[in-house]
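Asks: Take a look at the letters that make up each chain.
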Amino acid sequence: GNSVTQMEGPVTLSEEAFLTINCTYTATGYPSLFWYVQYPGEGLQLLLKATKADDKGSNKGFEATYRKETTSFHLEKGSVQVSDSAVYFCALSGGARIQGAQKLVFGQGTRLTINP
Amino acid sequence: DGGITQSPKYLFRKEGQNVTLSCEQNLNHDAMYWYRQDPGQGLRLIYYSQIVNDFQKGDIAEGYSVSREKKESFPLTVTSAQKNPTAFYLCATRTGNGYTFGSGTRLTVV
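Chains F and Z supply the protein sequences, listed in that same order.
Every letter in the first sequence is one number past the one before it in my numbering, and letter 63, counting from 1, is 144.
Every letter in the second sequence is one number past the one before it in my numbering, and letter 86, counting from 1, is 557.
By construction, these hints were calculated from the structure, which means they are not laboratory data.
Where is the CB? At the ideal position from N, CA and C, for every residue including glycine.
A portion of the hints provided could be inaccurate.
[Said to hold, decoys possible] On the chain F side, residues computed to face chain Z include the following (Cβ under 8 Å):
(1) S113
(2) E123
(3) G124
(4) L125
(5) T132
(6) F170
(7) S174
(8) Q183
(9) K184
(10) L185
(11) F187
(12) G188
(13) Q189
(14) G190
Just chain F, with the same shape it has in the complex (with noise of 0.2 Å):
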């Protein structure tokens, strides 16, 4: 079946570091791909996604390319700031279907802090 693998948190970073968030997946046929983010006690924000191979996904200065050869959705951001502390979730979508259905699958989460 369909499966997301993410690096284990947590990761902590000072003010203006670059982040790399690795996030790899298994699943039949061409999925699309998320990352959401969620803030403490709430529920999940779509943070960006891609749809097909080579589609780069990006919002808020977060960016992530899907790679079809590496089954590969890595999050990336330049210069993290204090308010991008918070829990993030790569996931898939689709592929092949399921009892005509389509689910949404989940890696495990990566919480991240930014320290100032």
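For chain F, the structure is supplied; the task is to place chain Z on it using the hints.
Replies: Chain Z only, in chain F's frame:
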């Protein structure tokens, strides 16, 4: 504004009791989902529904039940058969390739 409302935000349950978590949406989305979140384990799918009066088990359905009598509503019941119900529960909807999440309910067994 369209969105998903989950209530209550915090819920406490005594062991052996059933409890129902509410999820209401006004997005007019057909598909709805329930996820469970535990620390360090990401989100796991409990149940999902593609249309009214139809729902399917997810990866961890044991000890849970759902209903989908209206398009807007997808309540989740945590039964006494669920051995470790303390967790954060998230409801989501989908249209096309876009998913929207509610703000979650934190359930604690006391």
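Asks: Next, verify each hint and record whether it holds.
Replies: Do the hints match the structure? See the list:
This hint holds: S113 (chain F) has a C-beta 5 Å from the nearest C-beta of chain Z, less than the 8 Å allowed. Among the interface hints, the one on E123 (chain F) holds; its C-beta lies about 6 Å from the nearest C-beta in chain Z, closer than the 8 Å criterion. The beta carbon of G124 (chain F) comes within 4 Å of a beta carbon in chain Z, closer than 8 Å, and the hint placing it at the interface holds. Interface restraint check for L125 (chain F): the shortest CB-CB distance to chain Z comes to about 4 Å, inside 8 Å, so the restraint holds.
Restraint check, T132 (chain F) versus chain Z: the minimum CB separation of about 6 Å is within 8 Å; hint holds. With a cut of 8 Å, the hint placing F170 (chain F) at the interface with chain Z holds, because the nearest CB-to-CB distance is about 6 Å. Nearest Cβ of chain Z to the Cβ of S174 (chain F): about 7 Å, under the 8 Å cut. The hint holds. Below 8 Å, beta-carbon pairs count as interface contacts, and Q183 (chain F) has one with chain Z at about 7 Å; its hint therefore holds.
Checking K184 (chain F) against chain Z: minimum C-beta separation of about 6 Å stays under 8 Å; hint holds. Interface hint at L185 (chain F): satisfied, since its Cβ lies 6 Å from the closest Cβ of chain Z, which is below the 8 Å cut-off. Because the beta carbon of F187 (chain F) sits about 4 Å from the nearest beta carbon in chain Z, less than 8 Å, this interface hint is met. Against a cut-off of 8 Å between C-beta atoms, the interface hint on G188 (chain F) holds, since the closest Cβ of chain Z lies about 6 Å away.
The interface hint given for Q189 (chain F) holds, since its Cβ lies 4 Å from the closest Cβ of chain Z, which is under the 8 Å cut-off. Interface restraint check for G190 (chain F): the shortest CB-CB distance to chain Z comes to about 5 Å, inside 8 Å, so the restraint holds.
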